[in-house]
Each structure stands twice: as C-alpha cells, then as structure tokens.
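Enquirer: Read off the chains here:
2 protein chains.
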Amino acid sequence: MYQINDNYQKLPGSYLFSTIGKKVNAYSAAHPEKRIIRLGIGDVTLPLAPAIIEALHGAVDEMGKAETFRGYAPDLGYDFLREAIAENDYRARGCDIGADEIFVSDGAKCDSGNIQEIFSLDNRIAVCDPVYPVYVDSNVMAGRTGDYDSAREVWSNVIYMPCTADNDFVPELPKETPDLIYLCFPNNPTGAAVNRSQLQEWVDYALKVGAVILYDAAYEAYITEPDVPHSIYECQGAKSCAIELHSFSKNAGFTGLRLGFTVIPKELKCGDVSLHSMWARRHGTKYNGAPYIVQRAGEAVYSEAGKAQLEEQIAYYQKNADYILNGLKKAGYRVSGGVNSPYVWMKVPEGMTSWEFFDCLLEKVNVVGTPGSGFGPSGEGYFRLTAFGSYENTVEAVDRIKTL
Amino acid sequence: MYQINDNYQKLPGSYLFSTIGKKVNAYSAAHPEKRIIRLGIGDVTLPLAPAIIEALHGAVDEMGKAETFRGYAPDLGYDFLREAIAENDYRARGCDIGADEIFVSDGAKCDSGNIQEIFSLDNRIAVCDPVYPVYVDSNVMAGRTGDYDSAREVWSNVIYMPCTADNDFVPELPKETPDLIYLCFPNNPTGAAVNRSQLQEWVDYALKVGAVILYDAAYEAYITEPDVPHSIYECQGAKSCAIELHSFSKNAGFTGLRLGFTVIPKELKCGDVSLHSMWARRHGTKYNGAPYIVQRAGEAVYSEAGKAQLEEQIAYYQKNADYILNGLKKAGYRVSGGVNSPYVWMKVPEGMTSWEFFDCLLEKVNVVGTPGSGFGPSGEGYFRLTAFGSYENTVEAVDRIKTL
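Residue numbers (the working numbering), protein chains in the order written: chain F, 1 to 404; chain V, 1 to 404.
If you are wondering where the hints come from, they were derived from the structure by calculation, not from laboratory data. Here the structure is a predicted model, which is why all the values come from computation and not from measurement.
Some residues of chain F that are not near chain V, with every Cβ distance over 10 Å (derived): (1) F80; (2) E83; (3) D149; (4) T164; (5) K266; (6) Y302; (7) E312; (8) Y323; (9) G327; (10) V339; (11) P349; (12) G351; (13) T403; (14) L404.
Quick list of the computed label-pair ranges, beta carbon to beta carbon: (15) Y27/F <-> D96/V: 29 to 35 Å; (16) D96/F <-> Q198/V: 56 to 62 Å; (17) S303/F <-> S303/V: 31 to 37 Å; (18) A315/V <-> K65/F: 16 to 22 Å; (19) T68/F <-> D399/V: 23 to 29 Å.
Heads up, the beta-carbon is just placed ideally off N, CA and C, and yes, glycines get one too.
Build out the structure end to end from the sequences listed, making use of the hints.
Expert: Structure below.
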C-alpha cells in the first residue's frame, strides 16, 4: 500500500496568500457594494511595457511560421537571454558572472522552492523572521525542518533570525551554525535593505562556517541608495558561497508572464561537486525551459526602449511606496521599508494582532494588506503594504487607513 | 558545513537527450557540410496553428492594457482553461472529471518529475522497461531507487516491467508489489498502445494492491483505433487509484510554449488524506501558475477552429509515422508502434548495440534517432524514430536508412 509524504501533514493551514484570497473573496461576496483596495499580495498592476508587448507579438509571429518556429528551448535558457542578463545585471555592475552561470526559469518562486532539492536533507536552514513563506514551506515538504510548535509557531530544526525594530530589521549572525542561509534584500516582507559592508559580513560568515547563502534579489530594481548592493556578487568571495535568485516579476511586471533566473557560479563547490552541474541536472530532468516568447520578452527588458519604459514603471511604484511610507508616518504610525523596496512594513496599533488588524482594515476601510504574523512569529504586530497598486488607489487606501 | 543531496551522485551520465544533443553538435561541428535529419527527440516541427497564434496575439494585447492586464494566475489554472479541458478531454468521452480536479502546469515533463514529491520516500516504484527517463531519474534524485547496478543498468529498488517483442511491448503485472506504477500509453518510447480491457486490468490490480497509477497520456491525440482508451478514467475505479498527466506538446505543438495538466480526482485518497489537496499545496508553494497568454493559447486548442487545424497537424505527423513504419518494414526491419503513436520502435541490426546503431546512422546517413538502451535495459537492441519531422525529411530519412 502506497504512503504519502507525511511532511505535508505537518504544514499548518494553507499558503498565506491563499488564506488572504479566501478571506477577501468571502468579504466581497457578502458586501458586493464595497470597493476593496488590494495592497496585500505583491502583484503588479501596470500593464506590460510597450517594448515587451512588441517583443511578445514578434515572437508569437515567429511561432506561427515554419521557418522561425521554435520547439523545446535549451534546458537552461536561450543564449540571447542569458547573455543579456550577464551583461546588464552583472558585468555592467562589475560582477564577473558568465552567461553560462545563469539558469533561466519560470520564476523566482519556483526556483526558491526548488533550490533546496540539491542539498542534503540533513542540512539545517536559517531564515529571517519574518520571512517569505516559500523558503520554509518548501523545506517542510522536503522534511528538513523538524516538528512544528504551534504555540510558538516555529519549527524545531529551523534557525530563526529575528528582524525587528531593535535591529532595524537586519538579522544578526545566528548563534547556531546553519548549512543553508536564506537571505532576501531588499527584504520581503519588511522592505529593509542592507548595505555592501553588511552583506559582506554575511558572505564572510558563510565562507567561515561552510554555509551556502540562497540570496533572493527579486526586489533589487527598487534600490535607490548607492551603498545598497544589487547583487550578492558585489561582495568578495560570494561566488564560492552564494546562489542568487532573480525575478522579472517586480522589475518588469512579469507576474502573469512568468520568468526568472538563478545564478550558480561554477566555483561554488561542495568538495569536488559543482552545484552548477547539480542544478543543471535538475533543470534537465524536472524542468523543460521557459517559453520562447517569454524569453524574448525577457530580452526586451534589457533593450534601450525596455529599460527606459521600466524605469518609469518602477518610479511609479516608488512614488506609491513613498506616499504610503510618509502618509502613514504623518498619521502617527511606525513604518519602515519603502525606500529601497516596494514594501512598507507598519506596526499595528497597540493591543491588536496582525490578523485582527487585517480584519479591521478589510471590514472598516476595505483595504487589504498582509498580516505580518503570516511571515513568521517576529512578524506578529506588523503589517505589510505594497506599492504595486495604482497611484489613485494607493492614495485612497492610505487616506482610508488614516480615518481609523 | 553544508552537504549536497547525494542521490544526484548516483545518476549515471547525463540526461539522455542532452547526451544526444552533444553528440549531434559535435558531429555537426566536424562536418558542417552534412545535412542532418533529426528524428530523435520528440520535438514537433509544424508551426503553431493559426487559431493558437490568434489567441496568443489577443492575450498579448490584453497584457498591454491596464484594464485587461493579468498578474499572478490562479495557482491551479484559469477556470476558462480548466473548464475547456474537463469538457473536451473528459466529459465528452464520458469521464466524470470536474474542472476543479484539473491542475494546469507548464508541461507534462515537469509534472511527471514533480508528482513523486507528494509520496513517501519509502514507496517503491514500478516502471516499464524501456521507459521515459524522467520517471526514474526524478525518483533517483529523491532517493527512492536504491543503488545503481552499472553492469545491468538497473536500480536495486525499482521494479522493472519488461516490454519486449514477446509481450507486444505491453508489460505484465509485476511479481513484486509496487506502490507507485508509472504507465504511459500510447507508449513512449515503444509506440505501443493498450486497449480498454488491458488498461482495466491495471486499474483493478492497483486497487487490489493499494498502488497509485501515474498515467502519462501525453500521446493520446495519436490514437486511431477505437478500443484504445484516451484516458485512464475510461476504466472503472480509476478515479480511486490513478493520476493522469497530459501535455499540450504533442497534440498542439506546444513544446516551445509549455503547457500541460494533471488530473487528480478528489476521491483519490490515502486514508483520510486527499492527494488532490496535497498537489494543490505543492502547486501553491513551489509553483506560480502557467502564463496567462499560454493558458489562452491552450483554450484555443479546444475552439472549433483550433480542433480542425490540430486534426490536420496530427494527420500530418501520422502520415509520417505510417511512412516510417511501412517504409522500414518493407526494407526488412522489425518495427512496431506508429499506429496509435508518433513513435516507431525498430529492432537494430543483429550484432549492434543501440548506441552503435545511433553512431552508424548519424555518421553514415546523417539521421538522428534515439538509442533504445537510453530508455532502459530492455531497450537495448532497439531504436526510436519520431514522426515529428517534416514529411520531406521523414521520407528522405527512411530512404537513407534503407541504403544501409
């Protein structure tokens, strides 16, 4: 008789954003007359930029003609895209990353969920607390996290690195030694960023203890301050200890188009074994490449027109972040993030939990945000608002929150 | 110090089609003047049908306008596509499968590699021999297959079900009891099909021993004989023991567009646990939905125009299969498959191995096929040719092989 993967049974509740979706749908069904403003899930709202639409149409036309039709893509991505990424995201910033160290995928969520598969089940992970739920949940499913303590809302075999107002939402080096360290800067959910020397400390630490850093750079396009690194490979030694995950979702609005990439430098090795080869093997066996038309759209992100148009899109969202941050600050809320990030992290009013504040916001002013406790125990008492709405909605949402 | 997933080290060599690609590229580089005909990898060559191109352009336009832009897709797929699948692939054939039992993905290769994740690592798999390498390799990576015996080219903890000329390439029920049974009909690589009563035997067996059948129906569009089932759910009781995997690659030419789906009926349960919920949780955590534009293209597969155009495409490939099958038969080769399948399975000349025949075909007549031994030990002495080339190339390839 077959058996299931029991680790799934350990997962408490459903995926955070599914729960939010259900709550919002239920409220909406009960109050169809209310206009809900969604600043919860990190989904973009601006349409794809003209340069990207043009590239998509062009690639679709190619797929309709025998001479230019493309079947299976190369496992690791088309060279035209890998080259554009290496040139623009790395070499232009002085990072020596080759096109053949870039693995194109259908998004950073998939990559950040899948990347743990190439590591031993005995490895111990360290995560920021609060944290993007995928890092932890994918390790729960694999059986790497021990048992769940439902009172404390923590896993017995996970090293939590609290990110609180006390440390400006930047974690300290952990007391226990991890094998895999998940870091995301600019951070989801707190919006906090680290500067180059802070990130260098992490690289030095990983090299010292023999850990791998899984660095999620999904939000790097929102960096405004010059001393904040766009890539971990701006740090010395990172190529021997870090894997970097990138998304096209937040910099180019690809949430519904699906494209991302992972960088594994060839010198990242465990003994003789190259992690680059392992990930290539996983790609070749359990994945089949991103769609050609979407890879052409990705290429257009790096064209002159694409760059200019996307700079405007990001500026639009940054203006929203600024409005949320300063609007709530003026209203007396304790808020952070929002400067190098599309996320603003706010302290909920004294005496309320994150979910109570979620319900209150949804019911009283019809604004949806994300309860901080959904990201981990240290997120309790906090709330995430995203800058991905329209400017008009963002302004109205902030004004509505002020009326509370 | 972190450790890798050691199971990857057990994998012998690289993924079959990567090896073939490298060999062909090396030959091609050394002999740039030779025109190589590729009947190796199962990749289609006809351009996407006009109805699909039209749907893609329409969806791309939607993504370029704020009013119609779509961000994150629903985790399990858009309702419009799930409904079209349920109606056309199931209800129209008398199978009671609901739209909410369909999970849209970026392809059957990914699904067939990932599906094992929801099962216990203690489960034992049974596979046909020869077999599509992804089923075995993904289980090797997960650590479910024991040790590799490189002399016999088998894994110690895998139940192999030989498919040979003796049993018309349809496996017998295994002597040892498996937990998970991978079946693919019409079969890749042999092109063999089973009739309804043969498949019913497997369903009855799985129900009796408490096994789950992972049924790969990627080639169902090529079925020409009326007693060959298009879905395992045409069999009584299958909804309690079978998961079905589907591709849009072979019926609609989506190899470069990436779309597939998996069916998990809600009544498929291990004790109290619904496998449907587990797969939904996996989708929600480690996947982020297929691109909106590609899902619209999938919908167009089921439109009246799409159906008519794709019927023509399949007829085109079927004509190729027929030419290969009968051409080689007339030339004295022992061949099978090709009737309900785009694959023809040929016996290589006496005294040669599959790889020797591969090299011989590549070097002497510049035709690429797939060595049967790449699919498992019982594939030794066989060779797979695919019908996915152009008619002209197919005719020329067969004529070239005849000259040997």
